[in-house]
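Residue numbers (numbering that gives the first Met the number 0), protein chains in the order written: chain Y, 0 to 399; chain S, 0 to 244.
The reader is advised that the hints may include incorrect statements.
Under the rule of at most 35 Å between Cα atoms (straight-line distance), these lysine-lysine pairs were calculated in the DSBU-like manner [what the hints assert, rightly or not]:
id: 1; chain 1: Y; residue 1: K227; chain 2: S; residue 2: K136
id: 2; chain 1: Y; residue 1: K227; chain 2: S; residue 2: K14
id: 3; chain 1: Y; residue 1: K227; chain 2: Y; residue 2: K1
id: 4; chain 1: S; residue 1: K63; chain 2: S; residue 2: K136
id: 5; chain 1: S; residue 1: K63; chain 2: Y; residue 2: K1
id: 6; chain 1: S; residue 1: K13; chain 2: Y; residue 2: K391
id: 7; chain 1: S; residue 1: K136; chain 2: S; residue 2: K201
id: 8; chain 1: S; residue 1: K201; chain 2: S; residue 2: K63
id: 9; chain 1: Y; residue 1: K50; chain 2: Y; residue 2: K1
id: 10; chain 1: Y; residue 1: K391; chain 2: S; residue 2: K142
Rather than coming from a laboratory, the hints here were simulated on the basis of the structure.
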Amino acid sequence: MKLRDLGVVYRKELRDLLRDRRTIISMIVVPLLLMPLLSAGVGAVALHQVKEVMKETFSVMVLGGDDSPTTLAELRKLENLEFVAAAPDFKQQIADKKIRAAVEIPPGFDAALQNGPPATIKIYDYEGEFKSETATRTLRDFFSDWQDTTVAQRLAQRNLTSDFIHPFNVETTNVAPPEKVSGNLLGSLLPYIILITCLTGAIYPAVDLTAGEKERGTMETLLSSPVKRIDLALGKCLTVMTVSLTTMGLSLLSCGVSLLLVRTYGANMMRNNGLPLDLNPMALVGAFAIMVPMSLFFSSLLLSIGLFARSSKEANTYMQPLMIMMIFPAMISLLPGFELNEVRAVIPVVNVSLLCKEIFSGTYHWNYIAIVGISSCLYAGAALAAAVALFKRESVIFRA
Amino acid sequence: MVEVQSLSKAFRDKKRGLIRAVDGVSFRCAPGQIYGLLGVNGAGKTTTLRMLATILQPTSGTAKVAGHDIVAAPELVRANVGFLSTATALYDRLTARELVEYFGRLNGMPDSRVRERVDSIFALLDMNEFRDRRCGKLSTGMKQKVSIARALVHDPVVMIFDEPTLGLDVLTARTIVGFIRDCRTRGKTVIFSSHVMSEVEKLCDVIAIIHGGRILAEGTLAQLRERTGLMDLEEVFVKIVEGQP
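This is chain Y alone, in the form it adopts within the complex (with noise of 0.2 Å):
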């Protein structure tokens, strides 16, 4: 190996690859523009909805209920529900959406307030559907409040106090630091879209460099010059992962200034969905440094792919299982329950995005870090002295 061999094929490559406009669109336009005008439409398109939803009102049938006027005098009063006439086929308008929701009021209900026995109030609803959820949600909180409001005449009649039926309070406080509480939201997504925005942006210069010199007919030029094959092949892992680096860190970087922006413009919006979003700097430098062993992973493993295809073709089909086979363990940072443990540590990718999910929520769980980061050390390895031993095969080279 030499380092100046090495230097000046590292130099060639990543001035080939930035005069290519498809590595500057995929390594700098996409994660610098797309990424927050994605997440800003997605978010603002979302809260309208909600927001239009909220305002609408919902058609909801009243089953029953002839003897029990002031139950349905209170009923009544909700602004955002709209009373409809009972008909049989209630189960179906719900399901055709002509009405949101049904509830039926058994008879006697008013009469059993007093001190008959627990009757029962039946809401029919579509599951699933925001809107009848929505009703649903009404017609709940309607009935909760009106057996807190009965709770409490009867017991004015005992001359009791709400203390009788709450013989002790049960209060929870949270300890963890407010990074903690926003990491754990921010903590699951960050490290997914860091993973993925990793491996895809190795794709295309890891293909290129390799089954795309090969299609060129420069890749026989390349291999008349003395240089090492291995020089050859670490010179170009180091751009692919350069490329790679830089396209997480772009994401990441617009990901950032994203959240800052709606903190500081939707901050009264936030606050109400009760989204917390701070997010310690510090962390995103941890989470930048534990996936440069892992950007070498996927440059090396990429590599490997676009060398063995004999065309980009050939290398962009390979890469769509690949795709599928990191985006799902690089997803259970998504999912709840999921943590750290030392099977988990040394599992690649699913460590790394486990370990980020960590660190963005405060958590330096150090002997973790150091298994996590030997292993990744260990796998980008493995897969780099792949890379170099198949570009010393000429079967794999010249594959006919």
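Given the structure of chain Y, go ahead and fit chain S onto it with the hints provided.
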């Protein structure tokens, strides 16, 4: 100097089994000499030359190129060989100058020497007009000149040309042929392959007729004519190839 000793290359093919692409080829080529491999497509020309350029490794046998063994010291061999074939394309996104400089550096030349050498080659081949244009935007003739400059940048003592005129127009092909002659004049050892009879006839000091991975006949044009009793090289070629069982 190039000395080839029973060089062989076998590939394993799923359908056809073991293929002996090159089967015990031996020859010598001295400095100031052009050695021509004449053969049809698939005769083993490209595989032989790729082995001499150490892009492929021989299955058995070896060769000494400029005093270095192709199996034991492939990097030293490559440092002394200029290899040019139809398959050695250029990087479209680099300029002519950047490309030649890149290969100079890959050959371990210091930057100052690279610049000096590039200046002189560009002047020699009359390339200064398009030196800062990207290779992808050059005409076929210009590209061929860049390829020549690329193969020459480290001033190799051995030049290997694998069908260098394939697919080129008459004028460009003439430039190449002239350049190959020039290499001989300057005392380089030149190995050349082609399936174009007229080129081989004009250029080569020694002609080897290669078929099925084996050299069937070798000699000067006059010797080959004498052996077959025919004048036209094409007739000579056909007679020798068809004389084989």
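Right, here's what the structure says about each hint:
Proximity of Y:K227 to S:K136 is assessed by CA-CA distance (about 30 Å); at most 35 Å being required, the pair is judged to hold. The suggested pairing of Y:K227 with S:K14 holds, with an alpha-carbon distance near 33 Å, which does not exceed 35 Å. Under the criterion of a C-alpha separation no larger than 35 Å, the hint pairing Y:K227 with Y:K1 is consistent with the structure, at around 8 Å. Simply put, S:K63 and S:K136 have alpha-carbon atoms about 39 Å apart, too far for the 35 Å limit, and the pair is violated.
Among the hinted pairs, S:K63 with Y:K1 is consistent with the structure: their alpha-carbon atoms are about 25 Å apart, no more than 35 Å. Of the supplied pair hints, the one linking S:K13 and Y:K391 holds, its CA atoms being roughly 22 Å apart against a limit of 35 Å. Note on S:K136 and S:K201: the hinted pairing holds, with a Cα-Cα distance of about 32 Å set against a maximum of 35 Å. The suggested pairing of S:K201 with S:K63 holds, with an alpha-carbon distance near 27 Å, which does not exceed 35 Å.
As the CA atoms of Y:K50 and Y:K1 are separated by approximately 63 Å, the hinted pair breaks the 35 Å bound. The suggested pairing of Y:K391 with S:K142 holds, with an alpha-carbon distance near 28 Å, which does not exceed 35 Å.
Going down the numbered hints, you'll see the structure goes against 4 and 9, while the others check out.
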